[in-house]
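Chains as they are written, first to last, in my numbering: chain A, 406 to 649; chain B, 37 to 224.
Keep in mind the hints are simulated off the structure, nothing from the lab.
Please note that the accuracy of each hint is not assured.
Okay, the calculated bits of chain A under chain B, using three or more residues with CB under 8 Å as the criterion [what the hints assert, rightly or not]:
(1) 423–431
(2) 464–471
(3) 584–592
(4) 595–603
If the Cβ cut is set under 10 Å, some of the chain A residues that face chain B in the computed set are [claimed, not checked]:
(5) Gly-434
(6) Gln-437
(7) Ala-438
(8) Pro-474
(9) Ala-476
(10) Ala-507
(11) Gln-531
(12) Gln-625
Beta carbons: idealized from backbone N, C-alpha and C, even for Gly.
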Amino acid sequence: MYPDLKTIRALEIDTLRKILQIGSFSRLGQIQAAAAGAQSTINEFRGGVNAHLGFTLEIRLRGDRRGKPVARRIDLGALVVAASDNISVDSASYSLLIARYANPATSPVVRKIHFDYEPIERRNAQEPKPSAHMQLCGKFSPHHLAAGYTEVRLRSLYPSREKPRIPLPPTSIALMLNWLLLEFQTDPASQAILSDPTWRNCVIRAEQTILRPYFIAGAQFLVSASSAKQRFLQSHLYELGVDA
Amino acid sequence: MHFVECLKPPKRDREELLRILPEEFQDEAHSTTEHRVARWILNDLLARPGFLHDRLHTATALGLTVTGLSKVEHLFARAIYKGVFATNSEPRWWASTARHVLYELVGEDASDIPQYAGRALPGISEMDYSQCYVSKKKDPPPDVVVYSDSSSSASLRVVNRRYSELHPASVAVTPGFDAKLILRKSRT
Chain A
406 MYPDLKTIRA LEIDTLRKIL QIGSFSRLGQ IQAAAAGAQS TINEFRGGVN
456 AHLGFTLEIR LRGDRRGKPV ARRIDLGALV VAASDNISVD SASYSLLIAR
506 YANPATSPVV RKIHFDYEPI ERRNAQEPKP SAHMQLCGKF SPHHLAAGYT
556 EVRLRSLYPS REKPRIPLPP TSIALMLNWL LLEFQTDPAS QAILSDPTWR
606 NCVIRAEQTI LRPYFIAGAQ FLVSASSAKQ RFLQSHLYEL GVDA
Chain B
37 MHFVECLKPP KRDREELLRI LPEEFQDEAH STTEHRVARW ILNDLLARPG
87 FLHDRLHTAT ALGLTVTGLS KVEHLFARAI YKGVFATNSE PRWWASTARH
137 VLYELVGEDA SDIPQYAGRA LPGISEMDYS QCYVSKKKDP PPDVVVYSDS
187 SSSASLRVVN RRYSELHPAS VAVTPGFDAK LILRKSRT
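Whole structure, please, built from the sequences with the hints as guidance.
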């Protein structure tokens with residue numbers, strides 16, 4: 406259901422390279438500098454991924470004055486932890502933060518969510534959770550604090566009230582970025598990037614790597630005669646062995 | 037004063053222009069000739085879509101034909117490029133300012149997809165909607181401008197992005213500017 410560590414590393418290195426190769430990404434604030442920095446922290450042959458992309462996107466939200474797009478700071482984080490065998494993934498967490506304005510030091514946080522993956526064999530059996538899920542808010546990472554965010558800006562989102570976990574497919578940097586650009590086409594750079602064939606191929610690769618095994622496994626569960634008496638959510642998404 | 041000021045860019049574009057400029061233009065007292073600066077402005081900034089859009093790219097970004105754009109062009113006067121080498125005969129618009137003006141005009145209930153939002157501008161009728169050169173459909177609105185082929189005499193066509201691919205001449209990455217696109221050969 407989830408690729409091995411080597412595959413994830415290769416995918417994320419390639420995505421960061423593509424961000425550097427596509428000229429239109431230069432119009433999203435510091436994203437290319439962040440991608441260059443993140444790329445240098447990933448070892449192609451060992452370990453996990455700890456990347457952080459901070460950038461600016463012109464987003465229009467209903468509450469904005471006269472519906473005008475506002476330049477907002479976006480922080481996209483990827484933390485993939487290697488298991489001790491250095492082959493499989495211990496856990497993966499992709500976070501998204503949207504600030505109200507462009508300056509993280511002075512801006513309230515409008516949204517903070519993260520998409521996690523935790524394999525069944527590495528998690529606490531006493532706390533059932535979907536192997537791949539989305540959660541609201543959660544704490545700041547060291548990257549957020551380094552960017553200038555302060556805990557007080559997060560209080561209105563109740564960071565410690567982080568449940569429930571919502572079952573969703575796993576994700577990657579390319580999938581997250583592509584989703585954001587599709588969602589927020591009010592920034593002129595969004596459509597330019599979405600139209601770029603290099604980016605299109607990068608997203609297709611990410612979908613094939615991350616989403617294909619997830620959906621194939623789900624479809625196989627639903628059509629398989631052996632699982633006909635089992636519930637999809639409990640037995641497949643939560644991977645709870647006994648469907649009682 | 038840095039020559040970027042002569043371009044009279046909007047605030048956000050100013051910062052981004054300073055970031056993406058070729059290294060030789062980065063310093064205030066740049067180590068290059070005025071001739072090279074002029075060539076960059078003419079051959080890159082004004083010629084390539086990215087920060088600035090010509091009439092066809094501006095119309096396409098608004099979901100309109102060039103004729104349709106002419107009906108609402110006056111509303112976008114604030115977005116017109118007024119920096120060095122600006123001409124009345126071949127105007128350019130700052131893409132970011134045009135987007136701001138669009139959403140000021142159409143209000144908060146308009147679509148986040150600018151092509152649909154542009155079609156809600158006052159005085160625009162269905163006749164003014166842009167049409168995809170390949171599918172001949174106006175909905176979904178075509179969203180990219182591509183070259184018809186790789187020859188030097190190629191025409192520009194407005195198509196849905198699914199009918200585009202990277203132009204073979206688009207080998208080098210130019211920060212800040214959009215990829216050069218060509219009509220896709222296989223259109224299935």
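Here's how the hints hold up against the structure:
1. Counting residues of the segment 423–431 of chain A whose C-beta lies closer than 8 Å to any C-beta of chain B gives 6; at least three are required, and the coverage claim holds.
2. Evaluation of the coverage hint for the segment 464–471 of chain A: fulfilled, as 4 residues show C-beta separations to chain B shorter than 8 Å, against a requirement of three.
3. With a cut-off of 8 Å between beta carbons, the segment 584–592 of chain A has 5 residues touching chain B; three or more are needed, and the interface restraint holds.
4. Counting residues of the segment 595–603 of chain A whose beta carbon lies closer than 8 Å to any beta carbon of chain B gives 7, which reaches the threshold of three, so the coverage claim holds.
5. Interface restraint check for Gly-434/A: the shortest CB-CB distance to chain B comes to about 8 Å, inside 10 Å, so the restraint holds.
6. Against a cut-off of 10 Å between C-beta atoms, the interface hint on Gln-437/A holds, since the closest Cβ of chain B lies about 7 Å away.
7. Among the interface hints, the one on Ala-438/A holds; its C-beta lies about 8 Å from the nearest C-beta in chain B, closer than the 10 Å criterion.
8. Taking 10 Å as the C-beta contact cut-off toward chain B, the hint placing Pro-474/A at the interface holds, the least distance being around 6 Å.
9. With its C-beta approaching chain B no nearer than about 6 Å, Ala-476/A sits inside the 10 Å limit, and its interface hint holds.
10. Because the smallest distance between the Cβ of Ala-507/A and any Cβ of chain B comes to about 9 Å, under 10 Å, the interface hint for this residue holds.
11. A hinted interface residue such as Gln-531/A counts as satisfied when its beta carbon comes closer than 10 Å to some beta carbon of chain B; here the least separation is about 43 Å, so the hint is violated.
12. Here the hint on Gln-625/A is broken, as its CB sits about 29 Å from the closest CB of chain B, past 10 Å.
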